[in-house]
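**Student:** The lines below spell out each chain.
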Amino acid sequence: MRRRGSVAAGQAVLVAIAVVSLYPVWFVVQTALKTNQRYTLSPTGLPTQPTLENLRQVLFDLPVPRGALNSAIVTVASVAIATAVAM
Amino acid sequence: MGQRIALPRTRALTASGARRRRRALWPYGFVAPAIAVLALVFVYPIVQVVRYSFYAGSPGEAMTYVGLANYRNVVADPVFRHSVLNNVKLLATVPVMTALALAVALLLNGGIKGWRQFRAIVFLPYILPAAAVGLTFSYLLQRNGVINAFLHDVGLASLAPDWLGSTRWVVPSIGGVIIWQQLGFGVVVFTAALLALPGEVSEAARLDGATSWQLQRLILIPQIRGIVEFFVVLEAITVLSQVFNYVYVLTGGGPGNASSVMEFYIWKNGFSLGSVGVASTVAVMLLGVAGVLIFVYMRVRARAASA
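So the protein sequences, as listed, match chains A and B. Going by our numbering, the first residue of the first sequence is number 1, and it counts up by one from there. Going by our numbering, the first residue of the second sequence is number 88, and it counts up by one from there.
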């Protein structure tokens with residue numbers, strides 16, 4: 001029979017690992033919603049005035065959609081060819 | 088064959104005997120296009136790299152034949168030796184990864200509520216692109232980055248070195264990022280292996296009075312030994328030949344050349360310094376080491392499948 005202490009310790013370890021696994025992803029999302037100045041002021045804090053300006057720049061000013069299309073082409077083509085040749 | 092029975096040699100026997108003696112060639116025709124593609128994509132580049140390792144310079148300008156001089160010079164180069172040492176140091180992440188993934192998988196196997204969601208959470212880092220992960224961690228691990236800021240706030244400023252800028256901590260930091268990403272894969276693999284085990288063995292052990300710790304150490308882990316070996320070899324290959332992304336994005340080779348690994352040395356010489364001959368030499372060496380590991384991997388995988 002598992003003692004309650006060891007169950008709690010196990011849960012604590014799992015929670016810790018979950019937090020460590022998720023925090024960098026959360027950090028990226030959080031930073032994406034800040035402007036450069038707000039990030040410099042408070043790198044770790046929650047975005048007090050979330051902004052979609054970065055998203056707008058990425059989608060319309062930078063060649064990122066083209067890059068995404070390139071990635072899609074490469075992925076589909078390589079998976080198709082590799083599967084066909086492997087079979 | 089038993090006693091010789093005198094049978095008349097009928098036409099049917101002769102015909103089938105003759106057909107069996109002549110090898111059917113048409114199956115090879117079906118395989119030929121695939122083999123041609125593989126030869127072009129696999130064999131030709133490898134042959135070229137081996138060829139280039141005996142020359143100096145880069146294709147495009149004149150390449151001069153230098154025989155084994157590249158090999159001799161590379162082995163004597165301290166930067167190369169340091170790169171190999173870093174690869175070996177990164178190999179130390181493999182036991183840490185394996186032990187941690189095993190511990191988590193055994194915990195999940197105990198039937199905690201929400202274990203499927205937890206498994207998805209811990210697997211998420213594994214599917215993130217390495218360049219994005221490297222970039223994010225370069226922000227987190229800077230001298231005035233997020234992790235150090237947190238440690239300062241909590242009052243543990245003494246535990247806050249310059250993770251990526253000090254020669255002492257840069258390779259362990261890269262190892263930490265690798266563990267962060269690969270742990271999820273290990274957890275998924277080991278959880279699946281544990282789920283596939285027959286429950287009767289564990290029941291019998293419990294009836295015989297085994298404690299949880301004994302059950303895990305003496306019953307469960309030995310049963311998935313093949314899968315564990317498979318994971319260890321796979322991660323060894325990863326740490327040897329798939330860490331260029333992390334090194335390049337996190338440190339660009341580290342302070343000076345402190346975090347250079349073999350792949351980075353190849354890239355630097357081949358693309359940055361233009362000595363494709365030297366790069367090919369190290370590539371051939373890396374191919375040799377990786378080849379040995381892949382051979383071990385294939386043997387271990389066959390045993391894991393029957394584990």
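Possibly wrong hints are sitting among the right ones.
Among the chain B residues that face chain A by a calculated CB cut under 10 Å, a handful are [claimed, not checked]:
(1) Ala190
(2) Ile208
(3) Glu290
(4) Gln301
Label-pair restraints from in silico Cβ distances [what the hints assert, rightly or not]:
(5) A/Thr51 <-> B/Leu215: 45 to 55 Å
(6) B/Ile308 <-> A/Ala84: 34 to 44 Å
(7) B/Pro114 <-> A/Val76: 40 to 50 Å
(8) A/Gln49 <-> B/Gly252: 49 to 59 Å
Rather than coming from a laboratory, the hints here were simulated on the basis of the structure. Each residue gets a CB set at the ideal place from its N, CA and C atoms; glycine is no exception.
**Student:** Take the hints in turn and mark each one as holding or not.
**Tutor:** Hints, verified against the model:
Nearest Cβ of chain A to the Cβ of B/Ala190: about 8 Å, under the 10 Å cut. The hint holds. For B/Ile208, the shortest C-beta to C-beta distance to chain A is roughly 5 Å, which falls under 10 Å, so the interface hint holds. With 10 Å as the threshold, the beta carbon of B/Glu290 stays out of range of chain A, its nearest partner Cβ sitting at about 15 Å, so the hint is violated. Taking 10 Å as the C-beta cut-off, the interface hint given for B/Gln301 is violated, the closest approach to chain A being about 13 Å.
Distance hint for A/Thr51 and B/Leu215: a CB-CB separation of about 24 Å, inconsistent with the stated range 45 to 55 Å. Hint check: B/Ile308 to A/Ala84, Cβ distance near 40 Å, so the stated range 34 to 44 Å holds. In this structure the supplied range 40 to 50 Å is violated for B/Pro114 paired with A/Val76, their Cβ-Cβ distance being about 30 Å. At about 32 Å, the CB distance of A/Gln49 to B/Gly252 disagrees with the hint of 49 to 59 Å.
Violation of the numbered hints given earlier is confined to hints 3, 4, 5, 7, 8; the remaining hints are satisfied by the structure.
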